[in-house]
Every structure is written in C-alpha cells, then in structure tokens.
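Asks: So the chains spell out like this:
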Amino acid sequence: MNDKLVEKEKQKITSAKKMRDIMTTYYIDAMSAKENNKLVAWITSGGPVEPLIAMDIIPVYPENHGAMIGSSKMGEDLCMKAEDMGYSNDLCSYARTDISCAIVKGGPIGGLPEPDMLICCNNICGTVLKWYEIQARFFNVPLFIFDTPVCHTEFSPEIAKYVRTQIDEYIAFLEKVTKKSFDHDKMAEVGKISYQGQLLWQKVLNTTANRPSPMTAFDAFFFLALIVTLRGTMIAVDFYKELLLEMKERIKNGISIVPNEKYRLLWDNLPIWYQLKWLSSKFSDHDACLVADTYTSAWCSSLKYIDENDFLNSIAEGYTRIYLNIGVDQMADQVIEMIKFYNIDGFVMHSNRSCKPYSFGQLDIKRIVESKANIPVLMIEADMTDPRAFSQSQVETRIDAFMEIINQGK
Amino acid sequence: MIFAGIDIGSITAKAAIIKDNQLISTHVLFTGYNTLTASQKVFEELLSKVNISKNEVKTIISTGYGRNSVDFADKALTEIICHGAGAHFLNPEIRGIIDVGGQDSKAILLDNNGKVTNFSMNDKCAAGTGRFLEVMARALELDLDLLGEISLKADTPANISSICTVFAESEVISMIAKQEKRENIIAGIHESAAARIATLAAKIKIQEPVMMTGGVAKNIGMVKALENRLKCQILVTDSAQENGAIGAAVLASTL
Numbered sequence: 069m070n071d072k073l074v075e076k077e078k079q080k081i082t083s084a085k086k087m088r089d090i091m092t093t094y095y096i097d098a099m100s101a102k103e104n105n106k107l108v109a110w111i112t113s114g115g116p117v118e119p120l121i122a123m124d125i126i127p128v129y130p131e132n133h134g135a136m137i138g139s140s141k142m143g144e145d146l147c148m149k150a151e152d153m154g155y156s157n158d159l160c161s162y163a164r165t166d167i168s169c170a171i172v173k174g175g176p177i178g179g180l181p182e183p184d185m186l187i188c189c190n191n192i193c194g195t196v197l198k199w200y201e202i203q204a205r206f207f208n209v210p211l212f213i214f215d216t217p218v219c220h221t222e223f224s225p226e227i228a229k230y231v232r233t234q235i236d237e238y239i240a241f242l243e244k245v246t247k248k249s250f251d252h253d254k255m256a257e258v259g260k261i262s263y264q265g266q267l268l269w270q271k272v273l274n275t276t277a278n279r280p281s282p283m284t285a286f287d288a289f290f291f292l293a294l295i296v297t298l299r300g301t302m303i304a305v306d307f308y309k310e311l312l313l314e315m316k317e318r319i320k321n322g323i324s325i326v327p328n329e330k331y332r333l334l335w336d337n338l339p340i341w342y343q344l345k346w347l348s349s350k351f352s353d354h355d356a357c358l359v360a361d362t363y364t365s366a367w368c369s370s371l372k373y374i375d376e377n378d379f380l381n382s383i384a385e386g387y388t389r390i391y392l393n394i395g396v397d398q399m400a401d402q403v404i405e406m407i408k409f410y411n412i413d414g415f416v417m418h419s420n421r422s423c424k425p426y427s428f429g430q431l432d433i434k435r436i437v438e439s440k441a442n443i444p445v446l447m448i449e450a451d452m453t454d455p456r457a458f459s460q461s462q463v464e465t466r467i468d469a470f471m472e473i474i475n476q477g478k
Numbered sequence: 050m051i052f053a054g055i056d057i058g059s060i061t062a063k064a065a066i067i068k069d070n071q072l073i074s075t076h077v078l079f080t081g082y083n084t085l086t087a088s089q090k091v092f093e094e095l096l097s098k099v100n101i102s103k104n105e106v107k108t109i110i111s112t113g114y115g116r117n118s119v120d121f122a123d124k125a126l127t128e129i130i131c132h133g134a135g136a137h138f139l140n141p142e143i144r145g146i147i148d149v150g151g152q153d154s155k156a157i158l159l160d161n162n163g164k165v166t167n168f169s170m171n172d173k174c175a176a177g178t179g180r181f182l183e184v185m186a187r188a189l190e191l192d193l194d195l196l197g198e199i200s201l202k203a204d205t206p207a208n209i210s211s212i213c214t215v216f217a218e219s220e221v222i223s224m225i226a227k228q229e230k231r232e233n234i235i236a237g238i239h240e241s242a243a244a245r246i247a248t249l250a251a252k253i254k255i256q257e258p259v260m261m262t263g264g265v266a267k268n269i270g271m272v273k274a275l276e277n278r279l280k281c282q283i284l285v286t287d288s289a290q291e292n293g294a295i296g297a298a299v300l301a302s303t304l
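Chains as they are written, first to last, in the working numbering: chain C, 69 to 478; chain P, 50 to 304.
No wet-lab data here; the hints were simulated from the structure.
Mixed in with the good hints, there may be bad ones.
Claimed, not checked - Within a straight-line C-alpha distance of at most 30 Å, the following computed DSS-like cross-link-like pairs (lysine-lysine) qualify:
| id | chain 1 | residue 1 | chain 2 | residue 2 |
| --- | --- | --- | --- | --- |
| 1 | C | Lys76 | P | Lys124 |
| 2 | C | Lys440 | P | Lys124 |
| 3 | C | Lys434 | P | Lys164 |
| 4 | C | Lys320 | C | Lys309 |
Next comes chain C alone, as it looks inside the complex:
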C-alpha cells in the first residue's frame, strides 16, 4: 500500500463494521420474529421504547428504515409510488416511502416485518399521527398514541400529569395485546440500561469537541442507528463503550477524520441521506469538519430530566422535552451552547421539505445564532429522502460561498 492509502486506512473508524453486523442481526431477528413467536411493534423514533423491550417485543422503526431507503438512493421511486396512490408530495418522505413500501415490499431490505401493534409518539411531529393511523388500518393492528404536548416554555404540572397517565395506559395496552402482565422489575432494569446507553452516546458525541475531531457528524448519523433501534438493550451499551474507547484512542494518537481540519461546523436537521458522501467530501475539500449536529444529540439531550432509579415516572418529562418538542428560543439556546462547546466556526442548516417541525422556526434560530454567536449561518434547501428536492449545483455554490466567507473572517 502506498502512504496515502495507509493514511486513509488509519482514518477509518473500525467500529463501523461491528455496527453493520449488529444492525444486520437486528433486522434478521425482526424479520424472523414470527418463527420465534415474538411480537413486532412499529414505533416512532422518539417514542418510549423501553416498555416494549421489557415485554420482549421487537421494536421496529419505520424512520430508521426511511433513512436506509434514503441512503440506498431508493427514496425517489418509493415516494413516487406513494404519490401514485394519491398522497401529496408535500407529505413527509419517510411517511411516503413507508406507506408505499408496506404495499410493494421495496427498499434495501424488501420492506419491514409486519407489525403486531403500532406505537406512535408525537414528540417528533404531528404527521406520525395520520401516518400510523393509515398503517394501523392497512395492517389491521392496534395503535397506541402517546401524546406529548409541545413544551414551548415549561413542563407544567398539567402536562406532567397528562403524560404520566399515558404511561399507565401504554402499559395496559401492551398487557392487553400481549396477554401478559407487565414486569416492573424487568422494566427498572431496562430503564437503567437505556439511561446508560444514552449517557454513553452523549459521551461519544462529546469526543468531537477535541481539535482535530476524531469523527464527523456524518459518522454520527451512521452510529446513531443503535441508540434509536436498540435503546434499552446491552447491545447498544456494549457497542457505545467500544466506540467511545476507539474515539479516545484516536484522540490520544492525534487521528483526525478530516485530514487538515481547519474549520469546525455544526449541522441542523436530519441528514440528506442520499447525498452524505458528496456533502462529506465537499466539506472535507474545504478542510471543514462537521463536528456536531442537533439531530443525533436528540437521543440524549433530555437525559437531564431522566432519573435512572425512577425511570417510568421520569420519562414523562424526558420524552416530552426532546429537541423537536420545545420552543424556538430554547432550541436556539441549545444551538448556542453547542456552538460554544464544540468551538464552531459556522452553522449549516438543512431546511428539510419533509420535516416541518424541524424546519419551521429555522429562520428565527438563524437570526438568533447570527446575532448571539456571531458566526455565519448557511441554509440548504433539500429533503432527507426525496432527491427531487435537492439541486446539487445550487447547493454547491452556497457551500463554496459559505466557506469563502468563513475563510475571509479567519
């Protein structure tokens, strides 16, 4: 191997292979659930998954599936199929791909295993309500809706009571569907594991505060899959322990992910799944590293509200006060905190045609960040899964100009 290849090999994150293997096993287990007499629940990405794990139900995430469809560049075809069925192209592309995939069994894994129940938590958006209702009718399975009111300013006693009551209803729903009684001891155990997993994920993300950064947000988008799908299991805990060790090792040995890291950027909103490679090399060519993002940190940002020894009671607040379910001022505060913590030179915002709650309010956040943090902010218009909403040359000019402005200011 020549020096360049050796260097490139050194830069690779070795845990990636293990992570791929874990995800493959996870999907094989989910696909063969029926043969193993296990039940499958489809659940929204920000939903309280721990009671499912405690009941030995396999959680499956249509949104994670959407990300896989996007990364394998199969989104356009599946979105168009949903549009043929009569769904508007204004509808979220995860919803469109999931709805059409349920029928045509398309995508990189030939569709998801059929659900025995659906768990829908609206802390991430309102679209999921109708989307899950459609799927509940299609598969003719029971649907549980976990309603988390938006906390514009505070988590009021009324919200606390309302959400906490639903946890009991959720458990009753699971007992009815599974015809088994809920094991509170097991739940306490799963709660502790979930807390531990989230804590480790936060620690992994924190390592990028190091200059140069041992990984980029593009890597975080990939490693995120476990904290979403296997939250509450030891698989996630063990994996993130290893990943954290690898990151620490990279820092110790001075191994950076972007060869000549000069600028440090923060990303907002979901990834543009079908353009990760292009975007990653585009920023890298400018010696810029996307060190952090508001998206992957959403799976640990409400940890402060969770008590691992009183898990069920505390998740009412933890699941309600996630990044997408709080007011714009609070979102901007979190962004500014991240800018300070990660030493950020520029903020890249993806205005995502699909994700309304994430994209609504971005202009306000942009304005607040520009005035309070005094760094350049770039807005890219695209969609997470539907490539028809992405125009490469337009985005390229914006990124180039943005980097020229950051460079001028240095």
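For chain C, the structure is supplied; the task is to place chain P on it using the hints.
Replies: The following block gives chain P in isolation, referenced to the frame of chain C:
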C-alpha cells in the same frame, strides 16, 4: 501586473482584465453548450481586443456556475465573493448588492473592506431571475433588451400573482388574449420579479448604498421596480453584467 477574471454564467460568459489596479477591458459572449470552450473563447477574444498575450497575465480566477470547468484558471471562487469584490472595486461605498443573473438572484451584504458578511440566494425556483424575464419576453414576442424601455410607458402595471415562472407565463398569455397593453404586462412582470428579489434582500437586511449587478441590471424597468420595492436608490454601472468577472480579476490580484 495583469490579472484576469472569467465568469461563466448560465447564459453568458464574461471576462475582465485588470492592469496595475485599473480595469482595462471586459468582454461578453453567450455561454452555449460547452462551458470550457466558452471560457477559452471569451478570454482569448478579450486578450486580442486589448493586445495582451496569455503569458502576460499573472493570475486568473474563474467564477460563476461554470467556474470549475475553467481548467486554465488558477483558482475558482463563487460569484458571491466575486460580485462583492467587483462592486467594492468600482465603488468602495457599496454595502448592499442585488445580483440578478440568468438562473440565480442573490442579495449580498458587504463590510467596509468589501468582504461579504452575508448573502441569500434563490433556491431551485427560477422566478425572479433572468431566465424568468427571457421566458416572458418570448411569450410577448419581444427582444429581451426591449423589456426595460417599453415597461416605462406603462400606466397601470398588470397584476401577475403567480410566483412560478411556468404559471406566470400562462397568466401573461391569458392577459395577451384579453388584449392587456403590452407595457402594462411587462411592468407587471418586473414588479413580480422585483417582489421575489426584495424578499432575498429583506432576509439579510440589505444596507445602502445598494448596487445592482448581473445581466438583468441592464433592464431599466427591473431597476425601477426594485427601487420602488426596496424604497432606495440603486446604483448601476456600465459594467454591471461583467461585475463578477471584474471581481474575479480583482481577487486574482490579491492571490
């Protein structure tokens, strides 16, 4: 010392030459299908016009949407930075730029050193760009260059409500069918485009003095419509269309 800037836009290719900090000359051609050929041709024609040989030119910077295809340039920079540098070179007082080209419209903010501090740009939509005006001129069976002068004769500008180029064209066609006066339709088209561009300017809180650059700045009707919208005077130089190329040449001299 001689420096050159080459701006490959979606419709036209522009080149500019600067010698000892003075603008020597500029040149404009249609881009056509091959951006590299266009860049070579516009550069060579300009060189022969001013009787300078290629090897006398110390540094070349390319810009515009075809910037990366100019293989003989020393560096490629975006038109945003180049328009900033060009406007500052021609008038150091300028703080705001409205650049409307073939497929892009942009609003740019400058600091007192001519550095770009912020910008906003139209997205995938062509409304409010030169292409929008081109489509409308075709629907009206008029030469693009005539739109500006004719629109000044309008008494009541027509109301074009669609922001989409395709739908706006249908609206224009139905107005033609209703025998609406041509000057009123054109003035309406300018107001519609100006409204789109003014939003970009508002996004970055544009500051005066404002200069308009890009090919569309040659359209007096558009300039007037924008002045009305932005409620400020807009400066336009004779080399508005070549401003990006001039800026590229200016930046080449700082490399």
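Asks: Which hint numbers does the structure go against, in order from smallest to largest?
Replies: 2
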